[in-house]
Amino acid sequence: MKTHRFTIQTLTAFGTPLVGDSLFGQLCWAIVHTKGESHLNNLLNGYDTNQPFMVVSDAMPHNYLPLPTLPSKYWKVGEEQDRKKLKKKQWIEIECTKQSIELWQQNAKAENEIMQKEIHSHLHNTLDRQNNTTGTGMFAPYSQDEIWYKPNTTLDLYIVFDENRISSEEINSLLENIGKYGFGRDASIGLGKFSVTNTESFEYHQNTENAYLTLANCSPANLNLNKEFSFYQITTRFGRHGDIKALSNNPFKKPILLAKTGAVFTPKQWENKTFLGNGLKNISYSQNDAVHQGYAPVLPLTIEFENK
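Here the sequence shown stands for residues 1 to 308, numbered as in my numbering.
One should not assume that every hint holds.
[Said to hold, decoys possible] DMTMM-like mimics (lysine to aspartate or glutamate), calculated; alpha carbons at most 25 Å apart, straight line:
| id | residue 1 | residue 2 |
| --- | --- | --- |
| 1 | LYS193 | GLU170 |
| 2 | LYS227 | GLU200 |
| 3 | LYS109 | GLU170 |
| 4 | LYS76 | GLU113 |
| 5 | LYS227 | GLU304 |
| 6 | LYS2 | GLU200 |
| 7 | LYS35 | ASP48 |
| 8 | LYS73 | GLU95 |
| 9 | LYS150 | GLU176 |
| 10 | LYS117 | ASP162 |
| 11 | LYS117 | GLU93 |
| 12 | LYS109 | GLU304 |
| 13 | LYS260 | GLU146 |
| 14 | LYS88 | GLU118 |
| 15 | LYS117 | ASP145 |
| 16 | LYS89 | GLU304 |
| 17 | LYS109 | GLU93 |
| 18 | LYS260 | GLU95 |
It should be emphasised that the hints constitute simulated quantities derived from the structure, not laboratory data.
Kindly generate the complete structure, drawing on both the sequences and the hints.
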C-alpha cells in the first residue's frame with residue numbers, strides 16, 4: 001500500500017464537511033459512473049477483511065497534521081496554560097513534528113490561526129405549487145449550514161491505496177471529477193467545488209516508532225491494541241446515502257460509533273502500517289451491499305509512555 005498526498009484548492013462553499021469516510025463514499029460513486037458498478041464491486045473484494053483498495057483521510061490544512069489526542073501529562077508545559085485556549089490548538093505543522101512529541105502542543109495552532117473558515121446558515125424556501133407560497137410542515141422555510149473557506153484555500157488529502165488495484169492517476173482523475181461537479185450536499189446548486197493542484201508520494205517516519213496517529217475517523221475494534229496506551233475521542237456518524245441512493249425511500253444509514261481523527265493507538269506488537277481500522281458492512285437499511293470506511297490512514301509516532 002502506498003500513501004500519496006493530494007492537495008486541493010477550494011472554489012466554493014461546502015454543504016458537507018470534507019471528512020474521509022464521506023470522501024471515500026463519493027469516490028466510490030465516481031468509480032461507478034466512470035467504470036461501472038461491477039468494477040467497484042471487484043475493488044471492494046476483501047474490504048471487510050482488512051484488504052481495502054483505498055483509504056481516505058479528512059481534508060487538512062496544507063502542511064499540517066492533527067495534534068494527537070493525548071492526556072495533558074504527555075505535554076511539556078509551555079507559556080500558554082489557559083486550558084480553553086490549549087484545547088483549540090488542534091493542528092501541528094509537519095515541520096514541527098521533527099521535535100520530541102512532548103513539545104508539539106507548544107507549537108500547535110488553532111484552526112483560525114492557519115486558515116479562514118466560517119459556517120453560515122443559508123435560508124431555503126419550499127413552495128407549495130398549489131398556491132405558490134411557503135406554508136407549514138414540509139413547506140415551512142428552513143435553514144442549513146454552509147462551510148465557507150477563504151477563496152483558494154489549500155487543503156491536503158492523504159490517500160492510502162493498493163497500487164495493484166487502483167493508481168494515483170486514477171484517484172487524481174476521480175477527485176477532479178468530484179471537484180468539478182461538487183462534493184456532498186447541494187452540489188447540484190453549486191456547492192462543494194474544488195480543484196486538484198498537486199499530487200505527490202508521501203512518506204513520514206520517526207525514530208523508535210511505537211504508536212499510530214489516525215488521519216480520519218476509524219473503527220478500532222479487534223486490532224490487538226494496547227488499551228492502556230491508546231487515546232481517542234468518539235463520535236457517532238449518522239450517515240446517509242449519496243448520489244441516486246439519496247433519493248430512495250430510506251436514504252439514511254445506521255448510526256456508527258467511531259474514534260475521531262487524531263486518535264493515538266498503540267499496538268501490543270509494533271508493525272509498520274499505512275492504515276488502521278475495519279471495513280464496515282451491514283450499515284444500511286436499503287442497500288445490503290453498502291460499506292462504510294472504518295479505516296483511517298495512519299502515521300507513526302514516537303511516544304515515551306513510561307514514567308508518565
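Tested hints:
no.: 1; hint: LYS193 <-> GLU170; verdict: holds, 19 Å
no.: 2; hint: LYS227 <-> GLU200; verdict: violated, 34 Å
no.: 3; hint: LYS109 <-> GLU170; verdict: violated, 34 Å
no.: 4; hint: LYS76 <-> GLU113; verdict: holds, 21 Å
no.: 5; hint: LYS227 <-> GLU304; verdict: holds, 16 Å
no.: 6; hint: LYS2 <-> GLU200; verdict: holds, 11 Å
no.: 7; hint: LYS35 <-> ASP48; verdict: holds, 22 Å
no.: 8; hint: LYS73 <-> GLU95; verdict: holds, 23 Å
no.: 9; hint: LYS150 <-> GLU176; verdict: holds, 20 Å
no.: 10; hint: LYS117 <-> ASP162; verdict: violated, 33 Å
no.: 11; hint: LYS117 <-> GLU93; verdict: holds, 18 Å
no.: 12; hint: LYS109 <-> GLU304; verdict: holds, 23 Å
no.: 13; hint: LYS260 <-> GLU146; verdict: holds, 22 Å
no.: 14; hint: LYS88 <-> GLU118; verdict: holds, 15 Å
no.: 15; hint: LYS117 <-> ASP145; verdict: holds, 13 Å
no.: 16; hint: LYS89 <-> GLU304; verdict: holds, 22 Å
no.: 17; hint: LYS109 <-> GLU93; verdict: holds, 8 Å
no.: 18; hint: LYS260 <-> GLU95; verdict: holds, 23 Å
The structure is inconsistent with the numbered hints 2, 3, 10, although it conforms to all the rest.
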